[in-house]
Amino acid sequence: MSLAKARTMPGVMELLPLDQIAFQTMMETIRRNFERFGFLPIETPAIEFTDVLLTKSGGETERQVYFVQSTGSLQKGDDPTLALRFDLTVPLARYVAEHEHDLSFPFRRYQMQRVYRGESAQRGRFREFYQCDIDVIGKDQLSVRYDAELPAVIHSIFRELNVGAFTLQLNNRKILRGFFERLGVTDGEQQMQVLREVDKIDKRGAAAVRQTLTAEPFSLPAEQADAIMAFVAQRSSSHDSALAMLEALGGGNTTLEAGIAEMREVLTLLKALGVPEAFYLLNFSIARGLDYYTGTVFETILTAHPEIGSVCSGGRYENLASHYTKSRLPGVGVSIGATRLFYQLREAGLIGTARSSVQAMVAMLDDADLPLYLELAGQLRAAGINTEVQLEPKKLGKQFQYADRAGIRFVLMLGTDEKAKGVVAIKDMWRQEQFEVERAELTRTLRVEIEQSEAMPKVKTP
RNA sequence: GUGGGAUUAGCUCAGCUGGUUAGAGCAUCGGAUUGUGAUUCCGAGGGUCGUGGGUUCGAGUCCCAUAUUCCACCCCA
Numbered sequence: 000m001s002l003a004k005a006r007t008m009p010g011v012m013e014l015l016p017l018d019q020i021a022f023q024t025m026m027e028t029i030r031r032n033f034e035r036f037g038f039l040p041i042e043t044p045a046i047e048f049t050d051v052l053l054t055k056s057g058g059e060t061e062r063q064v065y066f067v068q069s070t071g072s073l074q075k076g077d078d079p080t081l082a083l084r085f086d087l088t089v090p091l092a093r094y095v096a097e098h099e100h101d102l103s104f105p106f107r108r109y110q111m112q113r114v115y116r117g118e119s120a121q122r123g124r125f126r127e128f129y130q131c132d133i134d135v136i137g138k139d140q141l142s143v144r145y146d147a148e149l150p151a152v153i154h155s156i157f158r159e160l161n162v163g164a165f166t167l168q169l170n171n172r173k174i175l176r177g178f179f180e181r182l183g184v185t186d187g188e189q190q191m192q193v194l195r196e197v198d199k200i201d202k203r204g205a206a207a208v209r210q211t212l213t214a215e216p217f218s219l220p221a222e223q224a225d226a227i228m229a230f231v232a233q234r235s236s237s238h239d240s241a242l243a244m245l246e247a248l249g250g251g252n253t254t255l256e257a258g259i260a261e262m263r264e265v266l267t268l269l270k271a272l273g274v275p276e277a278f279y280l281l282n283f284s285i286a287r288g289l290d291y292y293t294g295t296v297f298e299t300i301l302t303a304h305p306e307i308g309s310v311c312s313g314g315r316y317e318n319l320a321s322h323y324t325k326s327r328l329p330g331v332g333v334s335i336g337a338t339r340l341f342y343q344l345r346e347a348g349l350i351g352t353a354r355s356s357v358q359a360m361v362a363m364l365d366d367a368d369l370p371l372y373l374e375l376a377g378q379l380r381a382a383g384i385n386t387e388v389q390l391e392p393k394k395l396g397k398q399f400q401y402a403d404r405a406g407i408r409f410v411l412m413l414g415t416d417e418k419a420k421g422v423v424a425i426k427d428m429w430r431q432e433q434f435e436v437e438r439a440e441l442t443r444t445l446r447v448e449i450e451q452s453e454a455m456p457k458v459k460t461p
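Per numbering that gives the first Met the number 0, the first sequence runs over residues 0 to 461.
In short, the hints are calculated from the structure, not lab data. Note that the Cβ used here is the ideal one computed from N, Cα and C, for glycine as well. Do not take every clue at face value.
Using C-beta positions, here's what the derived DEER-type ranges look like [said to hold, decoys possible]:
hint, residue 1, residue 2, range
1, Asp186, Arg124, 43 to 51 Å
2, Glu215, Ala277, 36 to 44 Å
3, Gly273, Glu34, 14 to 22 Å
4, Lys325, Ala347, 16 to 24 Å
Using the sequences and the hints given, assemble the complete structure.
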């Protein structure tokens, strides 16, 4: 009988325990910061009704949705009525519409769950991945001030994740649309198309984008294309220069003027929120591909690793849940793709293998003394130390090898010599040192050692 | 959905224009006096060369098909 090949489908991330600990450490940092800024947790089911999920989108998302069907329904040949969620924003819209009367507005929620997309496999692209979303949903209206609060949360998270310098890149779609309108590109659909092209400028290069804009189907006159290219090439270098960029735009139509006013308020509040100006800039080429963004848009780029692209992005949308309720529910949100972020940080060498969550291991020196070892482990656990006991007699060398591979730092030995002296030997696998402590002092000493070890960076870089 | 690469040991790969029993590094397992790992030394196991067909005296190597996988575009986190 041939064995089935043990494998996973492409596009899923599966980690070894120490990497899983590093991933969870990252997730805890994100969660802690979400909560620190006053966001509330929710979870929604992985499976939703297809008519709920497939409202807003047309071709592209539908192509990527996994439909879910019971075998019975499949055999009857029914069309699937269920599907796996492909993001957390659509389920949020459904959630808010469904629970509208039980929620307090503005509703500030965070959500960290897996989503599913039928992507073709590629590096850093996953079919199952974690999204960590925060959104603020208002009833009828929501102040643009919230658009400044979200980047402040993101700043707090990435600073704590210790991934080096990064910049929050901001823009406002009203500025882009208003500018295009002033230039004479007035058709809404064409504005969208131009937005999408302009958004690729950092990836494809300015020359290629200009080429696309002047060619079919855009066929923009050279002067228009040049004006657009000159406009979107602008980046601010400081808080004041960002304000000056806005000032220099002038006016001309209500869309443009509204965008400038919004952007100015966001920048001002970002500063007031205490985000140092080195961490944010105004970038007129940021547009985002998604259709539903209407105002502020943002992306986050790691300074040392621009090739990674945006590690966190989002923006402002009007009327999130128009498909489910007649209430007007505007919102602003950002999403961190945690799976891709972790994967790319690891590729870039910014995240190494974590230490084990097991803090101490009691070695087995004599099979007959097992009850003694169990008692010792009980003491440690009662003191809050994560402890593992060797339950099978093995050569001591093997036990050390096991501890080393498992990433366990402290190995405790209580054998004939130690019993006679009333001590426990502690071997520090990292420092390659060994010392003895009185049994009564054991938990206290070990706690000190572990605390010192915690004070060092959580994660060893390779 | 459109286009391009790749497939040889658990992993990363070598194998020149077809020529005997297909190799290396890492990993795994065992040993180097019975309470000390990761370093060193010695040894061992492990492959129907993705699958099916064809050309040939002879195919890992050439041709066709198929599967799988990766990359670029599209789109996105």
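The hints, checked one at a time:
1. In this structure, Asp186 and Arg124 break the distance hint of 43 to 51 Å, their C-beta atoms being roughly 32 Å apart.
2. Taking the beta carbon of each, Glu215 and Ala277 are about 42 Å apart, inside 36 to 44 Å as hinted.
3. In this structure the supplied range 14 to 22 Å holds for Gly273 paired with Glu34, their Cβ-Cβ distance being about 18 Å.
4. A beta carbon spacing of about 47 Å between Lys325 and Ala347 contradicts the range 16 to 24 Å that was offered as a hint.
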